[in-house]
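Engineer: Sequence:
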Amino acid sequence: MGVAAAFVYAGEVGDGTPPRAPRHRSGENPEDTGIGRFAGRRLTVLLVEDDAAMRLVCRVNLEAAGYAVVIATTGSEAIERAREVEPDVVLLDVMLPDVGGFEVARQVGGAPVVFLSARVSEVDIERGRTAGAIDYVTKPFDPLRLPRRLREDLEELRRNGSSSVWRMRFGIPQDERD
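Read in order, the letters of the sequence shown are residues 1 to 178 in my numbering.
Because the hints were derived from the structure by calculation, they are not lab data. Even glycine gets a Cβ: it sits at the ideal position worked out from N, Cα and C. Take these hints with a grain of salt, some might be off.
[Said to hold, decoys possible] Okay, the calculated beta carbon distance ranges per label pair: (1) Val120 / Arg83: 29 to 37 angstroms; (2) Gly171 / Arg41: 29 to 37 angstroms; (3) Glu122 / Arg42: 30 to 38 angstroms; (4) Asp98 / Arg167: 31 to 39 angstroms.
Using the sequences and the hints, build the whole thing.
Structural biologist: Here is the structure:
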């Protein structure tokens, strides 16, 4: 899949200090742009992914953009973590080793869900919508754009509701409402 090639940074600097957030192409620090912030506070993402490489690439890029990231590797762990942390958004794989992502989405409470999946059929995307997701990101994807996409989804959700996010991403007809 070539996921490892998309890392912004990983690990620590040689002296043991954490790495600095990378600069965007325009030269600004992603934290300065407010990508990982909402109403002046840092956003928390519950990342639910069983694949270690995918989990790492997502975590690194989200943290570099200023998000706080909480990890779960199974569906049951995700349900537990969502209750403990009350995340701002759940980034959820569909295919998990125990409870499937569609079922997890129904159980995580009030947090918006964005699916992240290799299952790309229209049927799967519609199942995601039916399960309550606000967006459905298909693999492979550009992990460098993921933080901004989450921010755009959350802003659109706040302004106009989940149907508006689906219209923005998938062209769902305008007459559908939340």
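Engineer: Checked against the structure, which of the hints given earlier come out wrong?
Structural biologist: When the structure is compared with the hints, none of them turns out to be violated.
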